[in-house]
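Asker: Now for the letters of each chain:
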Amino acid sequence: MCLAIPGKIASISGDDPLMRSGKVDFGGILKEVSLAYVPEAQVGNYVIVHAGFALSRVDDDEAKQVFEYLREMEELTDLDETRAGAPPAPPDTSPPVPPPSRQ
Amino acid sequence: MKYLDEYRDAAGSHKLAREIARITTRPWSLMETCGGQTHAIIKFGIDELLPKNITLIHGPGCPVCVTPLELIDRALAIAAQPGVIFCSFGDMLRVPGSNRDLLSVKAGGGDVRIVYSPLDAVKLAEQNPGKAVVFFGVGFETTAPATAMAVYQATRKGLKNFFLLASHVLVPPAMEAILRSPDRRVQGFLAAGHVCAVMGWEEYIPIAAKYHVPIVVTGFEPLDILQGVLMCVRQLESGRAEVENQYSRAVRREGNRPAQQIVGEVFQVTPRKWRGIGEIPQSGLGLREAYAAFDAERKFGLGDLRVEEPSECLSGLVLQGRIKPHECPAFGARCTPEHPLGATMVSSEGACAAYYRYRPHP
Amino acid sequence: MTSIPNFNLSCPFPIENYPQVLMAHGGGGKLMHQLIGKMFLPAFGNPMLDSQHDASVFEAGGQRLAFTTDSYVVRPLFFPGGDLGSLAVHGTVNDLAMAGARPLYLSAAFIIEEGLPMETLWKIVASMQQAAQQAGVQIITGDTKVVDKGKGDSLFINTAGIGILDHPLKITPASVRPGDAVLVSGDLGRHGMAVMAVREGLAFESAIESDSAPLADLVLQLLRAGIEVHCLRDITRGGLTSVLNEISEASSLTLQVEETLIPVREDVRAACELLGLDPFQVACEGRFAAFVPERETERALAIMRAHPHGIGASRIGSVSDQRPPRVLLKSAIGARRILDMSSGEQLPRIC
Chain F
1 MCLAIPGKIA SISGDDPLMR SGKVDFGGIL KEVSLAYVPE AQVGNYVIVH AGFALSRVDD
61 DEAKQVFEYL REMEELTDLD ETRAGAPPAP PDTSPPVPPP SRQ
Chain R
1 MKYLDEYRDA AGSHKLAREI ARITTRPWSL METCGGQTHA IIKFGIDELL PKNITLIHGP
61 GCPVCVTPLE LIDRALAIAA QPGVIFCSFG DMLRVPGSNR DLLSVKAGGG DVRIVYSPLD
121 AVKLAEQNPG KAVVFFGVGF ETTAPATAMA VYQATRKGLK NFFLLASHVL VPPAMEAILR
181 SPDRRVQGFL AAGHVCAVMG WEEYIPIAAK YHVPIVVTGF EPLDILQGVL MCVRQLESGR
241 AEVENQYSRA VRREGNRPAQ QIVGEVFQVT PRKWRGIGEI PQSGLGLREA YAAFDAERKF
301 GLGDLRVEEP SECLSGLVLQ GRIKPHECPA FGARCTPEHP LGATMVSSEG ACAAYYRYRP
361 HP
Chain V
1 MTSIPNFNLS CPFPIENYPQ VLMAHGGGGK LMHQLIGKMF LPAFGNPMLD SQHDASVFEA
61 GGQRLAFTTD SYVVRPLFFP GGDLGSLAVH GTVNDLAMAG ARPLYLSAAF IIEEGLPMET
121 LWKIVASMQQ AAQQAGVQII TGDTKVVDKG KGDSLFINTA GIGILDHPLK ITPASVRPGD
181 AVLVSGDLGR HGMAVMAVRE GLAFESAIES DSAPLADLVL QLLRAGIEVH CLRDITRGGL
241 TSVLNEISEA SSLTLQVEET LIPVREDVRA ACELLGLDPF QVACEGRFAA FVPERETERA
301 LAIMRAHPHG IGASRIGSVS DQRPPRVLLK SAIGARRILD MSSGEQLPRI C
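Protein chains in written order, with the working numbering: chain F, 1 to 103; chain R, 1 to 362; chain V, 1 to 351.
A few of these clues could be false.
What the hints assert, rightly or not - Dumping the calculated EDC-like pairs for lysine to aspartate or glutamate here, alpha-carbon to alpha-carbon at most 20 angstroms:
#1 Lys38(V) - Asp50(V)
#2 Lys123(V) - Asp153(V)
#3 Lys2(R) - Asp78(F)
#4 Lys8(F) - Glu266(V)
#5 Lys330(V) - Glu6(R)
#6 Lys64(F) - Glu70(R)
#7 Lys2(R) - Asp60(F)
#8 Lys2(R) - Asp15(F)
#9 Lys2(R) - Glu266(V)
#10 Lys330(V) - Glu70(R)
#11 Lys64(F) - Glu6(R)
#12 Lys299(R) - Glu70(R)
#13 Lys123(R) - Asp59(F)
#14 Lys157(R) - Asp15(F)
#15 Lys330(V) - Glu258(V)
#16 Lys23(F) - Asp50(V)
Just so you know, the hints here were simulated from the structure itself, not pulled from any lab data.
Start from the sequences and build out the full structure, keeping to the hints where you can.
Answerer: This is the structure:
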């Protein structure tokens with residue numbers, strides 16, 4: 001449930017906070033979205049939109065956490081390798097993709 | 001698309017999968033709560049990357065699947081009436097009632113329309129004063145704010161021809177019902193990220209403590225789901241049982257206060273029947289008395305319609321994670337996406353439909 | 001001529017499951033194929049029909065000809081990048097092209113609902129003439145019917161087309177071989193999303209225009225260059241997924257494709273994400289899949305990319321003899337899954 005996707009607020013209209021709406025840009029598609037639930041959102045902010053409503057503003061700093069985590073993982077692996085002299089690589093659980101058969 | 005594509009990175013996905021394999025020392029069963037997460041798992045093949053001793057159980061995260069049969073039948077009865085414009089999200093159109101679905105009502109001449117937002121239904125009510133416009137409000141806490149706002153706006157506009165057939169359900173009571181089940185296999189949860197964007201994650205803290213299960217609020221893209229699994233398995237391996245937030249770019253601890261406020265203004269918590277599970281107390285949302293004029297069930301007098309669930313459909317056991325779809329005798333034989341017995345075979349991320357589409361057929 | 005067996009008057013289609021025809025029966029997915037396979041084919045049964053290709057090829061007076069028909073029922077009548085009229089010409093021209101035929105003549109039959117503004121009808125007719133001129137065909141016969149108001153959804157058009165084969169190739173699923181390359185002529189899903197953008201209840205602002213286009217010229221260029229084309233299929237209702245499944249089933253071979261190689265324009269993808277649709281199941285009206293020997297891949301792609309209607313041509317995968325025959329997709333994150341045909345009409349979702 002809850003198909004909601006991120007989009008960038010391109011314009012805002014409406015003074016009454018509960019009727020506040022905006023045009024949100026999703027990769028080149030513009031849709032009119034209610035901004036009633038994100039009163040602090042401004043043009044240029046990214047919001048998560050579900051069923052025509054922005055439910056949450058995307059926090060750019062938090063958005064980076066998974067990539068920082070992946071970078072740390074990489075550095076730790078490099079560090080281990082330099083210390084212990086190339087330990088056995090962790091098991092590769094990615095399944096082999098069968099190559100197309102040739103004639 | 002920004003904040004979407006980066007989370008579908010192949011190399012990052014494999015890295016996270018390898019880390020999960022590295023730290024897993026014994027079998028664990030996790031449940032992803034949300035249908036959207038199930039959809040992503042199947043679509044990207046995420047479960048193929050996971051080590052064999054991590055099992056993902058698809059939870060009842062599909063409000064479409066859990067809408068009780070009698071509510072579908074009420075919807076069908078209303079939609080078939082002349083003078084009614086019946087508006088629904090696309091998800092509900094193919095869900096079978098006792099003997100047909102909204103699509104066949106449409107085929108028979110009913111005015112059934114797909115809308116993207118409940119506000120579209122409000123607009124239709126404004127444009128068609130001579131008709132009764134009924135909106136089928138299905139969904140978890142994620143969708144309740146949208147439905148609530150539709151009712152709120154209808155009040156402000158003084159609309160007398162807009163009605164709501166309410167079918168919203170709440171996640172925490174369902175989670176508890178699953179955890180209380182005697183043969184439950186679930187050891188950890190990936191909580192529904194967008195539900196938590198609205199509600200926050202505070203209400204999961206007592207659940208994690210009471211049942212000693214880790215609960216990780218998780219997003220919907222491959223990197224999100226894999227990181228959520230990693231965080232959950234880490235807790236399980238070290239015997240911890242806390243609530244953590246993987247989807248921090250969209251979810252705050254307290255959730256969305258303005259949304260909660262409007263939902264609370266329009267709706268009250270009620271008992272709710274879940275298709276395949278039965279009645280769970282305090283698990284649904286119904287219109288408050290002040291908004292009773294918008295209640296479609298009251299308007300169309302269908303409150304007494306009672307329907308029994310057919311016994312062949314085992315979607316309830318599937319929804320609780322007690323059996324896998326292919327373990328149901330009807331799966332792939334008497335129950336297929338073309339003629340489904342239950343909602344889990346119809347809904348695009350119902351567990352049975354997902355299994356049928358993407359797994360080798362028996 | 002085969003003798004007609006004792007004609008069984010009971011309907012072979014499982015009508016106890018579907019007492020009424022549903023929209024999904026025209027959706028290009030499983031239900032439509034079921035209707036065709038279980039009602040039409042048994043009723044009309046003959047080898048040409050059974051081969052289920054876009055156009056049927058037959059011999060007359062020592063010359064190979066192709067014959068096809070299609071009906072056009074799209075709503076709205078006018079959409080970004082086209083209208084019912086241009087669609088009616090392109091669609092039938094393309095069906096002929098998929099058999100490797102040079103389109104010659106079309107017929108056009110109109111079923112008009114009483115009350116349709118004359119201006120609207122004229123716009124569609126003018127558009128048809130323009131499309132026919134561009135495609136190098138003439139409309140040489142036709143029919144006109146008007147039905148009561150409320151009995152037709154304003155306008156339906158049926159076109160039939162006839163073309164001639166100037167080459168000896170058998171362009172059909174049976175000619176597909178393990179090792180063949182699977183190509184598409186350009187990015188997918190533009191037509192479906194262009195129509196969706198103006199559909200009531202789902203409207204959004206976008207620059208997506210239908211990809212509706214005549215493909216005969218492009219196909220003929222491939223054939224004249226001597227490319228050994230094994231099979232062609234235009235990607236329409238049901239999208240790429242339908243086409244791949246149809247060919248896989250008709251040829252009894254496995255098709256392996258990679259998600260990252262399948263071209264979809266950014267804004268089309270975004271529109272699909274917004275409505276919860278799968279771009280590989282969205283209709284096109286000016287795109288085709290081609291199956292050519294591996295060694296012809298680069299040459300075929302070069303010819304396609306040099307043509308205005310083949311600019312985004314890409315290789316998306318390969319054919320293999322892996323058992324059982326099915327369609328396999330390598331997802332964006334490198335995992336594999338089966339790409340099954342959808343049951344029926346793809347509907348927008350919020351779940």
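Asker: Now tell me if each hint is right for this structure.
Answerer: Taking the hints in turn, this is what the structure says about them:
{"no.": "1", "hint": "Lys38(V) - Asp50(V)", "result": "12 angstroms, holds"}
{"no.": "2", "hint": "Lys123(V) - Asp153(V)", "result": "17 angstroms, holds"}
{"no.": "3", "hint": "Lys2(R) - Asp78(F)", "result": "30 angstroms, violated"}
{"no.": "4", "hint": "Lys8(F) - Glu266(V)", "result": "15 angstroms, holds"}
{"no.": "5", "hint": "Lys330(V) - Glu6(R)", "result": "18 angstroms, holds"}
{"no.": "6", "hint": "Lys64(F) - Glu70(R)", "result": "45 angstroms, violated"}
{"no.": "7", "hint": "Lys2(R) - Asp60(F)", "result": "11 angstroms, holds"}
{"no.": "8", "hint": "Lys2(R) - Asp15(F)", "result": "29 angstroms, violated"}
{"no.": "9", "hint": "Lys2(R) - Glu266(V)", "result": "11 angstroms, holds"}
{"no.": "10", "hint": "Lys330(V) - Glu70(R)", "result": "41 angstroms, violated"}
{"no.": "11", "hint": "Lys64(F) - Glu6(R)", "result": "10 angstroms, holds"}
{"no.": "12", "hint": "Lys299(R) - Glu70(R)", "result": "17 angstroms, holds"}
{"no.": "13", "hint": "Lys123(R) - Asp59(F)", "result": "32 angstroms, violated"}
{"no.": "14", "hint": "Lys157(R) - Asp15(F)", "result": "17 angstroms, holds"}
{"no.": "15", "hint": "Lys330(V) - Glu258(V)", "result": "5 angstroms, holds"}
{"no.": "16", "hint": "Lys23(F) - Asp50(V)", "result": "50 angstroms, violated"}
Checked against the numbered hints above, the structure breaks hints 3, 6, 8, 10, 13 and 16 and satisfies the rest.
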